[in-house]
Amino acid sequence: MTTLTRQDLNFGQVVADILCEFLEVAIHLILYVREVYPSGIFQKRKKYNVPVQMSCHPELNQYIQDTLYCVKPLIEKNDAEKVAVVIMDKEHHPVERFVFEISQPPLLSISSDTLLSHVEQLLRAFILKISVCDAVLNNNPPGCSFTVLVHTRDAATRNMEKVQVIKDFPWIVADEQEVHMQEPRLIPLKTMTSDIVKMQLYVEERAQKT
Amino acid sequence: MDELYLDNIDEYVNDQDKIVTYKWLSLTLGVHVNTAKQMLFHYLDHKRKESSAQLNATYLVSGKFVDNGQTCHKVSVVKEDKLEDFKSKMSLIVSVHVYSVQKALLKDSGPLYSVDYDAVKDNMKNCSRYSAIRCASAVPVCSPELQQTREIQQSPTPEPENKKPGMNGEANLASKPSTKPQRGIMGMFANKSAPKNQDGGKDVKPEQKEDAPVVDLHKGKPDVKANPMTNFFGSQAAKKVVKTVEEAAQSSFSAERQRQTSPPEEKPAAAVELPKDTKKDSRSKTKRLVDSDSEEEKMDKKKRRRIKKPEPDSSDEDVIPDSPQRMETREPSWSPKKKVESVSHSHQGNSEMKTRKRRRVLKSRTFLDDEGCIVTEKGYESESYSEAEDDVQAAKRAPRNPVAAKLSSSTKPDEKRSHKKTSANANKGTKQASIMGFFQKK
Numbered sequence: 001m002t003t004l005t006r007q008d009l010n011f012g013q014v015v016a017d018i019l020c021e022f023l024e025v026a027i028h029l030i031l032y033v034r035e036v037y038p039s040g041i042f043q044k045r046k047k048y049n050v051p052v053q054m055s056c057h058p059e060l061n062q063y064i065q066d067t068l069y070c071v072k073p074l075i076e077k078n079d080a081e082k083v084a085v086v087i088m089d090k091e092h093h094p095v096e097r098f099v100f101e102i103s104q105p106p107l108l109s110i111s112s113d114t115l116l117s118h119v120e121q122l123l124r125a126f127i128l129k130i131s132v133c134d135a136v137l138n139n140n141p142p143g144c145s146f147t148v149l150v151h152t153r154d155a156a157t158r159n160m161e162k163v164q165v166i167k168d169f170p171w172i173v174a175d176e177q178e179v180h181m182q183e184p185r186l187i188p189l190k191t192m193t194s195d196i197v198k199m200q201l202y203v204e205e206r207a208q209k210t
Numbered sequence: 001m002d003e004l005y006l007d008n009i010d011e012y013v014n015d016q017d018k019i020v021t022y023k024w025l026s027l028t029l030g031v032h033v034n035t036a037k038q039m040l041f042h043y044l045d046h047k048r049k050e051s052s053a054q055l056n057a058t059y060l061v062s063g064k065f066v067d068n069g070q071t072c073h074k075v076s077v078v079k080e081d082k083l084e085d086f087k088s089k090m091s092l093i094v095s096v097h098v099y100s101v102q103k104a105l106l107k108d109s110g111p112l113y114s115v116d117y118d119a120v121k122d123n124m125k126n127c128s129r130y131s132a133i134r135c136a137s138a139v140p141v142c143s144p145e146l147q148q149t150r151e152i153q154q155s156p157t158p159e160p161e162n163k164k165p166g167m168n169g170e171a172n173l174a175s176k177p178s179t180k181p182q183r184g185i186m187g188m189f190a191n192k193s194a195p196k197n198q199d200g201g202k203d204v205k206p207e208q209k210e211d212a213p214v215v216d217l218h219k220g221k222p223d224v225k226a227n228p229m230t231n232f233f234g235s236q237a238a239k240k241v242v243k244t245v246e247e248a249a250q251s252s253f254s255a256e257r258q259r260q261t262s263p264p265e266e267k268p269a270a271a272v273e274l275p276k277d278t279k280k281d282s283r284s285k286t287k288r289l290v291d292s293d294s295e296e297e298k299m300d301k302k303k304r305r306r307i308k309k310p311e312p313d314s315s316d317e318d319v320i321p322d323s324p325q326r327m328e329t330r331e332p333s334w335s336p337k338k339k340v341e342s343v344s345h346s347h348q349g350n351s352e353m354k355t356r357k358r359r360r361v362l363k364s365r366t367f368l369d370d371e372g373c374i375v376t377e378k379g380y381e382s383e384s385y386s387e388a389e390d391d392v393q394a395a396k397r398a399p400r401n402p403v404a405a406k407l408s409s410s411t412k413p414d415e416k417r418s419h420k421k422t423s424a425n426a427n428k429g430t431k432q433a434s435i436m437g438f439f440q441k442k
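Going down the list, the sequences are from chains A and B.
In terms of UniProt numbering, the first sequence has 78 at position 78, counting the first letter as 1, and numbering is strictly consecutive.
In terms of UniProt numbering, the second sequence has 164 at position 164, counting the first letter as 1, and numbering is strictly consecutive.
Treat the hints with care, as some may be off.
[What the hints assert, rightly or not] Here are the simulated lysine-lysine pairs, DSS-like style, with alpha carbons at most 30 angstroms apart:
#: 1; chain 1: A; residue 1: 72; chain 2: A; residue 2: 44
#: 2; chain 1: B; residue 1: 79; chain 2: B; residue 2: 47
#: 3; chain 1: A; residue 1: 190; chain 2: A; residue 2: 72
#: 4; chain 1: A; residue 1: 46; chain 2: B; residue 2: 79
#: 5; chain 1: B; residue 1: 125; chain 2: A; residue 2: 129
#: 6; chain 1: A; residue 1: 44; chain 2: B; residue 2: 74
#: 7; chain 1: B; residue 1: 107; chain 2: A; residue 2: 129
#: 8; chain 1: B; residue 1: 49; chain 2: B; residue 2: 121
#: 9; chain 1: A; residue 1: 129; chain 2: A; residue 2: 82
#: 10; chain 1: A; residue 1: 46; chain 2: A; residue 2: 72
#: 11; chain 1: A; residue 1: 47; chain 2: B; residue 2: 103
#: 12; chain 1: A; residue 1: 44; chain 2: B; residue 2: 49
#: 13; chain 1: A; residue 1: 47; chain 2: B; residue 2: 64
#: 14; chain 1: A; residue 1: 44; chain 2: B; residue 2: 64
#: 15; chain 1: B; residue 1: 64; chain 2: A; residue 2: 190
#: 16; chain 1: B; residue 1: 64; chain 2: A; residue 2: 82
#: 17; chain 1: A; residue 1: 82; chain 2: A; residue 2: 72
#: 18; chain 1: A; residue 1: 90; chain 2: A; residue 2: 198
#: 19; chain 1: B; residue 1: 89; chain 2: B; residue 2: 121
#: 20; chain 1: A; residue 1: 47; chain 2: B; residue 2: 79
#: 21; chain 1: A; residue 1: 190; chain 2: B; residue 2: 79
#: 22; chain 1: B; residue 1: 125; chain 2: A; residue 2: 190
#: 23; chain 1: B; residue 1: 125; chain 2: A; residue 2: 47
#: 24; chain 1: B; residue 1: 79; chain 2: B; residue 2: 49
#: 25; chain 1: A; residue 1: 129; chain 2: A; residue 2: 209
#: 26; chain 1: A; residue 1: 90; chain 2: B; residue 2: 107
#: 27; chain 1: A; residue 1: 44; chain 2: B; residue 2: 103
#: 28; chain 1: A; residue 1: 129; chain 2: A; residue 2: 198
#: 29; chain 1: B; residue 1: 79; chain 2: A; residue 2: 129
#: 30; chain 1: B; residue 1: 64; chain 2: A; residue 2: 129
#: 31; chain 1: A; residue 1: 44; chain 2: B; residue 2: 79
The set of hints was computed from the structure by calculation and includes no laboratory data.
Here chain A stands alone, though its shape is the one from the complex (with noise of 0.2 angstroms):
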């Protein structure tokens, strides 16, 4: 059994790294499911063993891939609290808020070899969650955009601009109006604790969308 701390950045990379392919696969999952885009840029892939949506367009992969790219130093050192996928509607008001509440542990153990395919087994359960939630959830209206809100611990984003300044993918605070909800209804989707990560992911759904 290893006992790793956070300075040990290596192992911390390993977890950022996993968190942040999940947040892609989770994030092109909900997009396909909550109907932003039409299903017919998605195409049938391969993660977690399991068959997943990905989106094929490409301005839209690179958008979230640069956005996970600048969230990455931020679940490296822990200061990342919500990662929040929001949908919004053509007045740019939130009818839907994805939050993936992120916590890890400050000591690191690793306990058993089968960890990481625990952990896969664990995301495969949120990416199935994610799959069947338009069970629980009411529909959009049509033309919904989304993005991507990060609430953070204390002030990290001071080492997020350094990151802005080299990918040059700008962040910004985000306005009250984005982050704002009215009256907003709570549906938990799923927890999960593992050595590595603590996550649980819940909707927060607007009462009136339309």
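Take the given structure of chain A and dock chain B to it, following the hints.
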């Protein structure tokens, strides 16, 4: 069938928002797949009649399909709303049954696979336990048996090689009649592994009086043989007789031989090595015993030699042909050490069974110096050993001091290790022995 399954399915579908496939249901509830299909059908029918909740279902349709003049057998999973349309296109419908029931309207079939993935993975070895597809000739090969036969084939070849150096080393030292029959046994051991087991059993049998019938029955069964050995040692703990100790030494010696030769007999060796380690590889164990210089081995060696001494020469503690000085060392503390060894034998029944190996042992040599004082020096010498450690430690603890100091220091550890009565005897014994030793040297 009882109605409980309806509640179960209702809980899965409505409360947990799961996709319930017939395969997942059969693995979860432990029922045949056809039973699971019927359960899902009844549940769907029941819920549709109640019209309480919005449920979606998928169906599996299999039958003959004519495509561009070619007839093929087609198996498809279709959504409920497309079922009738699909059925009309089939030329012959062989089977239609419910595939899954869920609350969500599935956009594609990906989640259906994901649902079954973990359930099948958890039941990988018997995922077809409830399946309707059977093949009598499809029997999996028993892999543990394969591995065992492979291990048995591999392990006998290195063991005879390792045993031979040990035999040679101990043959040099062995000048006692007790070792001769054991050497003969060793010769028998060197030939084959299977006969070794039997020979070892026979050899052990006359020596292990208590366990003779048990050992006889347990020929060729190493695991069971381990128990008689450990029982033997456990019973030895109750007896504090020198002869019994001697028998134990002899039997442990032969048992060691036996263990070295027979690869499956790992447990007796493990029981012996309990104070040190619990290595299961007898080959590595013998190597380690050869190379190690631990106090336990010293004690084993000293103890063994001391046991043999009383018979040929009661006055001398240890008769070692290559080290007469050591005899003098032994004499002063012969009797207490014997008692210590018997007590220690009781305490460390496990450590009796040692292989006879040569090792470097810290020995104390007592001699008369210029001033007329008896001085004890410690030095490393190679000796054969096979006994427990206490005796070696009692000898080892002798410092570079006059006799009195030596006696006191040697008795202190004795007191720590042995009972109070024994330690009192040890004190008296050491004092008398030292006086005798003083006179003899002059």
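Checklist entry - Which numbered hints are broken by the structure, listed smallest first? => result 8, 12, 13, 15, 16, 18, 19, 30
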